[in-house]
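Participant: Chain by chain, the residues:
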Amino acid sequence: MYARTGQQSAAFYVLPALLFTAVVFIAPLASVIGQSFWNGQFTTHSYQSVISSTLFQKVFVNTLVISFSSTFVALLFAYPMAYHMAKQTPRRRAFLMMIVLIPFWTSILVKSYALMIILGRNGIINTTIEYFGIPALPLLFNRFGVIVGTIHTLIPFMIFPILNSLLARDPDLGRAAQIMGAGKLRIFLKVTLPLSMPGVAASFLLAAVHTFGFYVTASLLGGRGDLMMANLVDLYTREILDWNMAATIAVLLFILCAVFTLLMGRTRALSTLAG
Amino acid sequence: MKETAASASHSTWITHCANAWAWFGYAFLVLPTLVIIPMSFNSTDELAFPPDSFSLRQYEAFFLKGDWLSSTFLSFKIAIATAVLAVVIGITAAYGLARSSFPGRGAIVLFLLSPMLVPVVVVALGLYLYFATLGFSGSALPIIVGHTLVAIPFVIITASSALRHMERNIESAAMIMGASPFQVFRKVTLPLLRSGIIASALFAFLISFDEVIIAYFVGRAGFSTLPVKMFSTIQWEISPVIAAVATLLTILSTGICILVTIIMDRK
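So the sequences go chain by chain: A and B.
Read in order, the letters of the first sequence are residues 17 to 291 in my numbering.
Read in order, the letters of the second sequence are residues 1167 to 1433 in my numbering.
Bear in mind the hints are in silico, worked out from the structure with no lab data behind them.
This list has only true hints and no planted wrong ones.
Simulated pairs of lysine to any residue, SDA-like, Cα-Cα distance not exceeding 25 Å:
1. 206(A) / 1187(B)
2. 103(A) / 1197(B)
3. 206(A) / 1182(B)
4. 1353(B) / 27(A)
5. 206(A) / 1176(B)
6. 103(A) / 1184(B)
7. 200(A) / 1181(B)
8. 1243(B) / 35(A)
9. 200(A) / 1176(B)
10. 103(A) / 213(A)
11. 1243(B) / 121(A)
12. 103(A) / 1427(B)
13. 103(A) / 1430(B)
14. 1353(B) / 1341(B)
15. 200(A) / 1178(B)
16. 1353(B) / 1337(B)
17. 103(A) / 1175(B)
18. 206(A) / 1178(B)
19. 200(A) / 1192(B)
20. 103(A) / 1428(B)
21. 206(A) / 1180(B)
22. 103(A) / 1194(B)
23. 200(A) / 1177(B)
24. 206(A) / 1177(B)
25. 1243(B) / 1281(B)
Derived coverage of chain A by chain B (criterion: at least 3 residues anywhere in the stretch with Cβ under 8 Å from a Cβ of chain B; other residues may be distant):
26. 119 to 126
27. 163 to 172
Bear in mind that the values here come from a model prediction, so they are computed numbers and not experimental data.
Each residue gets a CB set at the ideal place from its N, CA and C atoms; glycine is no exception.
In isolation and in its complexed conformation, chain A is listed as follows (with noise of 0.2 Å):
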């Protein structure tokens, strides 16, 4: 009976965040969709126009090529580092998540900013280098900028849901396999990594879409010809001051990460997060 009560009276306590999120989040994204239809009148034009015009294309390309690569790469980093810390005791692993958490929670211009002293015609690696006699190498402003800062980011986000399901499997398993003679080359091989291949899956959708979304590394790392989606939809807002096609970009890069966000079942990763 009280179990009814405080259940049902519980509820209501979800609604001042559910008034917030419709009123902050719903209503601008409307006006987003709405801006995309509207150019002193209804019109579908805008999406035409950005969907033939060949800076979008290239810029769309960009993005999918930069977000894959980069993905790809820091997923070579991140369960390296995820198997690691797995086998670590838990005081160990305690100071190695410090080490990966501190780089998630500093500000993605404190990392650009370091990069671009690390990997600029005068940097530490150039300096390095020339002082050999090798002749400075264009890490800065171009493709290869990018995604290194692209990894820097990813590489923390993505070791947490493999240290997840590497930390969930049953200890028991490679015991067994063990005992029954296998190696550890072929109990990892053969136990560990396809017990984890889901933590893998999701956390390489989810970096993905995630830099999808990326703004501030393409432009400060990048040269001209590796803007984002967002870039774009920045330069059409501030500087060619055309809202109509900057929410049809937008609305694009919605589009994009909802697709691949329905394609992981990403959605249910994520309500398991609140239980």
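Given chain A's structure and the hints, the job is docking chain B onto it.
Facilitator: Below, chain B alone, put in the same frame as chain A:
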């Protein structure tokens, strides 16, 4: 027998390689930020590493010249307001979700977390268009509201996991002894949640303090937060005063991370 020995040494070799690769990864995560610290004590405006001579010149520029300090104060105000709003809205929502069951609960969780799924630039453009029609120009309110929206999902996730690990019998005991549901929430649940609340407030503060895109889109003239000022400065030149700002920001986020770890450990 020989074969097993060979494969054993083979797999140790692979283990060593994998560990070395992992350590390379940790170094890649940490070293770039560490490079900034010596740069911030640079006494010239040249960006050579390591600097030829050291001084506090860049910190002097931050504290005394330009309007770095006023941007910093604005960011502090916005971040504190965001933390308060996000915690009040997020904690109550997490409590409601954890202690009730009703049809459509899953959809509501998804709805409340959905600002995480949408690219920030889309939210930023939406708030820009929305507040332009409402006519809220020249105030920090649009930035606070946008940052709160981004921070709420983090608060809900942090608080939900704290609520799940909480001993529920204490709440039931209070209820059986005649406490009203609101009294239970106010006098039992909230005090038990204290460390979770502090942790999520600190993270909400940091999310707001470091956020660039929303502040860049909806902040009007005279309302550039520290990250916005930093972002527009870096676009013009890689000025060394940025190294001082970046060092201070790194100290702030590292401090908050350590604080949260200590608070969560003490529990």
